[in-house]
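Colleague: Chains as they are written, first to last, in UniProt numbering: chain A, 1 to 309; chain B, 1 to 277; chain C, 1 to 393.
Keep in mind the hints are simulated off the structure, nothing from the lab. Using N, Cα and C, we set each Cβ at its ideal position, and we do this for glycine too. Possibly wrong hints are sitting among the right ones.
[Unchecked claim] Only pairs whose alpha carbons sit at most 20 Å apart, straight line, appear in this in silico SDA-like list of lysine to any residue:
(1) K114/A / A22/B
(2) K237/C / S308/C
(3) K14/B / R112/A
(4) K237/C / N257/C
(5) K14/B / L154/A
(6) K14/B / P212/A
(7) K84/A / M175/A
(8) K104/C / E87/C
(9) K127/C / T181/B
(10) K101/B / Q182/B
(11) K14/B / Q214/A
(12) K106/B / E46/C
[Said to hold, decoys possible] Covered by chain B, according to a simulated footprint, are these stretches of chain A (three or more residues, beta-carbon under 8 Å):
(13) 36-50
(14) 146-152
(15) 269-282
[To be verified] In silico negatives: residues of chain A with every beta carbon more than 10 Å from chain B:
(16) F53
(17) E55
(18) T63
(19) W64
(20) Y70
(21) L73
(22) E77
(23) L91
(24) V94
(25) G158
(26) I161
(27) L201
(28) A205
(29) G255
(30) L286
(31) G291
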Amino acid sequence: MSTRRLFDIDGRTERYRSVLRENWFTYLLIMPVLLFLIVLMWLPFLQGIYMSFNEWPFGGDPTWIGAANYEFLLNWEPFYTSLKATAIFSLTTVFQLGVALAAALAVRELRRGKSFVSAAFLLSYTMPPLVIGTIWAYLLEPDFGPVFGYLTELNVLGETIYWGSSGPMSLAVVMFVTTWTFWPFMFLIISASLESIPEELYESARMYGAGPIQTFLRVTLPQLKSAILVALSIRIIWNMTKISQVLQLTNGGPGYDTSILAVLLYQFAYERGQMGVSYAIGIVLLVMTLGFVFVFIREFERASEGAGA
Amino acid sequence: MSTTGYDATGVTLKATAYGVVAFLVLANLVPFLFILSVSFMPPSEFFTDPHLVPYEPTLEAWTSGFEELRGNLVNSFLIGAGTALLALAITIPGAYAFARKEFYGKTAGFYAIISAMMFPYILLVIPIMDLWTALGVYNTIFGMILAYQVFVTPFSIWILRDFFENLPTDIEEAAQVYGCTQFTAFVRVILPLAAPGIVAVGFLAFLTGWNDFLFANLLTTGTGPVPAVPVLYGTIGGGSGERVYWGKLMAETLIIGTPPTIIYLVARNYLESAFSV
Amino acid sequence: MKQTEDTSSDTEPKQSGASSGNQNAVDASVSGNRIRLDGVRKTFNEGSVVACDDVNIEIDEGEFVVLVGPSGCGKTTTLRCIAGLEEPDRGSITVDGEDITGLKSKDRNLAFVFQSIALFPHMSVRKNIRFGLDMNTDLSSEEKRRRVEDVAETLGLSEALDRKPSALSGGQQQRVSLGRAMVMEPAAFLLDEPFSALDANLRDHMRVEVKKIQRELHTAMIFVTHDQEEAMTLGDKIVVMNNGYVQQIGTPYEIYNEPANRFVAGFIGSPSPNLVECTVERTADGIALASDFYTIPATETQAEHLESLVGETVIYGIRPEYLDLETDRGAFVADLDVVEPLGDRDAVHLSAGSTDLSAVTPQGEIARDTDRVHVDIQTEEAWLFEEDGTRIV
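Throw the hints in and build the complete structure from the sequences for me.
Modeller: Put into structure tokens, the structure is as follows:
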């Protein structure tokens with residue numbers, strides 16, 4: 001009897017040890033991920049916030065200056081130009097959504113060739129954005145680029161447009177190229193979600209007499225809601241923070257007319273080496289993007305509730 | 001008759017759909033056609049009237065473009081491959097834990113990681129420049145690989161967790177009943193079965209490393225391991241159109257842009273299964 | 001009908017396994033490969049969900065034990081505890097007197113066959129079967145090959161050895177899964193509803209095959225199912241579980257003829273037995289049981305036990321085959337609802353008062369268009385349960 005008992009205790013301790021070992025193992029598994037996110041995200045982010053209260057030359061020694069960087073921005077005329085440009089530029093997300101939604105719905109109607117079509121769509125998204133920006137810089141070059149070349153040759157335009165010297169036109173060009181480059185991302189997410197809507201839903205909608213538009217509003221759109229939300233939120237943030245195309249096409253000009261906040265941030269860091277100001281801009285950008293995402297999600301919720309009622 | 005009415009809308013719908021698709025396909029492909037064409041033109045030719053087929057096609061732009069980029073392409077490749085390998089090494093264990101283990105703070109931890117996807121990365125590059133200088137990895141390939149993990153980790157965890165979660169637990173248990181430890185069961189059974197997800201994540205991570213401009217430009221200097229993408233930026237850099245050798249530039253865009261496209265086409269099925277939200 | 005008297009001592013449902021288990025504990029190590037579960041308890045969600053509790057089962061070498069019960073009764077959890085896939089909160093599991101409770105499942109020398117089959121899809125059938133040998137033994141590859149091929153031969157899988165599982169039919173896949181277990185020559189096979197994914201004909205076929213294999217190998221087999229018919233046909237010993245507790249352990253005949261409580265009575269047998277609420281009454285002729293349609297006279301044995309329960313409600317249980325249907329006379333009259341052909345027999349569903357009853361008759365004995373029948377009860381075959389389900393007699 002006593003040996004049995006001993007056995008038991010051995011079994012128990014062995015078991016607890018193994019439970020401990022396994023939990024320890026679990027934490028070991030997630031450790032690298034957490035470590036990386038702390039070292040790569042939170043640490044830099046916190047340091048950045050600290051930076052924005054300092055005069056911080058690249059590679060040099062920081063000096064604490066309180067909110068002076070922010071004060072500088074608020075009293076600096078181009079900052080407001082930049083804010084306005086950023087707000088207008090963010091509309092590109094809406095255009096991307098429009099194109100992506102139309103494309104996804106249209107592709108769904110195709111009998112065959114879906115695979116080729118979506119491959120063609122995604123071409124622009126797989127390449128580095130800077131490559132696409134460079135390509136359009138050539139295509140839209142006023143003197144030698146084919147777009148204005150053909151337009152003038154075919155007498156659609158009397159003479160070419162030097163859009164680079166007009167603020168609004170530069171902004172339009174930048175927004176066009178951004179939309180052209182990034183809509184396939186939304187297409188990808190929306191069409192994946194579209195494919196997963198069961199055919200029965202459409203069939204029953206038809207059985208109960210819903211037309212194509214009603215079907216879209218009452219079946220398709222509600223089913224796509226979360227995909228659209230995810231795609232929109234991600235793209236709002238990414239669009240506002242991708243700068244390579246703007247830099248390549250206009251370098252933020254003319255003046256500061258296309259210097260969206262992210263470009264301004266880049267210029268302060270890279271060209272002027274004023275890391276503190278740069279990060280102060282970053283904080284403004286963060287607040288602005290989060291604000292946009294918040295508003296979008298809220299409006300979307302409200303709109304879809306209205307449609308559902 | 002209502003049926004004819006329905007058919008009419010049906011036909012209109014179909015026609016619209018095909019119209020939209022045709023327009024978008026052309027809008028996506030035609031620009032590349034022009035780029036391809038100009039990359040075969042001698043410098044004299046692209047300042048003349050626009051035309052699609054080069055009069056005197058030449059490979060000059062391609063050879064000189066390739067020559068110029070060779071070192072940078074090697075850098076890009078090393079950075080992309082390194083990013084993919086490191087990302088897999090970090091996120092496979094993590095994703096597996098999130099899929100299969102119960103631990104304190106699991107849900108919160110998962111969302112903390114996923115929501116990092118929403119974080120504007122441009123906010124990180126400035127402090128990372130500073131940190132990397134302090135750590136001595138500024139202007140090194142390793143520093144770049146490390147920095148890209150911040151882009152890659154969240155979506156890798158997301159995709160891989162879904163993959164692991166969808167593998168039946170029974171299979172893993174069967175492996176354990178028949179003699180595997182947790183670890184050997186993972187290596188012998190789970191990893192092979194999750195291969196599609198792992199391949200997808202690997203490719204996406206490679207693309208991230210290959211395609212990025214921001215970190216590539218800010219974390220390297222001319223003397224360091226500059227990848228291919230930032231080189232393109234230098235070439236126009238606000239300069240006037242006349243001084244730019246457009247043919248070579250366009251050849252270079254295609255040289256840089258083709259590998260990701262090929263990878264995408266090869267890995268498409270994996271990527272699509274990974275992307276279904 | 002055989003009356004097995006000795007089971008009546010096991011009327012306390014939760015204790016039935018434990019009492020016999022304790023008597024035999026001393027000589028546990030004498031016979032080979034005896035598996036014992038002592039007071040096993042397993043909860044989930046930090047104790048809020050009790051999957052099984054106080055499970056005491058003893059399995060002899062070469063015995064075919066079936067755990068049966070409705071879904072969620074804890075049978076699969078019990079099996080998984082034995083396999084080491086779950087860690088019991090309390091209690092111990094011993095094989096041959098050796099405590100294996102804390103061991104990893106790979107170190108238990110037990111083979112598990114999964115409900116979902118759980119073959120490794122990326123390996124050939126050969127590799128699947130050989131998997132355990134590769135992982136857990138250091139046999140020569142020649143020996144492994146021989147064992148795998150022997151097993152494949154037994155299971156009729158020789159042709160399929162180099163195919164992938166996905167190329168096999170459901171029945172073949174389950175055979176591979178069995179083969180993967182057999183090749184290990186384990187102390188016991190644990191099977192978790194292995195045939196529930198197969199269609200009915202194949203299931204019957206596989207049942208016979210498994211039973212045959214078990215007889216040949218003379219290895220203990222613990223088989224989980226929710227299908228009481230499967231349990232009856234397969235088991236040397238049946239363990240009926242409900243709500244996490246063992247209700248009764250016994251041979252198929254014991255379980256069928258002498259259910260320990262109302263749950264077991266209702267769960268085993270098809271069509272289900274009639275369980276009628278009655279009030280115990282004292283009449284001129286002695287004790288009787290009044291239901292809403294008929295007052296059933298108690299037999300002498302029943303009357304003895306009911307003396308103290310006059311005025312109380314009891315459950316009167318009687319299998320459908322002990323209701324005799326007559327066309328002209330009988331103890332009471334019932335409306336005929338449906339006649340359900342079962343092959344050689346018909347199940348006849350009746351209603352008497354507000355009570356539904358079923359009876360079984362030889363094929364075609366009661367015409368389908370009959371409206372009313374007279375019913376006699378073979379009262380000596382009836383069971384009586386207290387209102388809470390405990391068996392009285």
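Colleague: Please go over all the hints and tell whether each is borne out by the structure.
Modeller: A quick look at each hint next to the structure:
no.	hint	result
1	K114/A / A22/B	12 Å, holds
2	K237/C / S308/C	35 Å, violated
3	K14/B / R112/A	13 Å, holds
4	K237/C / N257/C	14 Å, holds
5	K14/B / L154/A	32 Å, violated
6	K14/B / P212/A	11 Å, holds
7	K84/A / M175/A	14 Å, holds
8	K104/C / E87/C	9 Å, holds
9	K127/C / T181/B	18 Å, holds
10	K101/B / Q182/B	12 Å, holds
11	K14/B / Q214/A	17 Å, holds
12	K106/B / E46/C	16 Å, holds
13	36-50	holds (count 9)
14	146-152	holds (count 3)
15	269-282	holds (count 6)
16	F53	13 Å, holds
17	E55	14 Å, holds
18	T63	15 Å, holds
19	W64	16 Å, holds
20	Y70	15 Å, holds
21	L73	15 Å, holds
22	E77	22 Å, holds
23	L91	18 Å, holds
24	V94	17 Å, holds
25	G158	16 Å, holds
26	I161	14 Å, holds
27	L201	17 Å, holds
28	A205	13 Å, holds
29	G255	13 Å, holds
30	L286	6 Å, violated
31	G291	12 Å, holds
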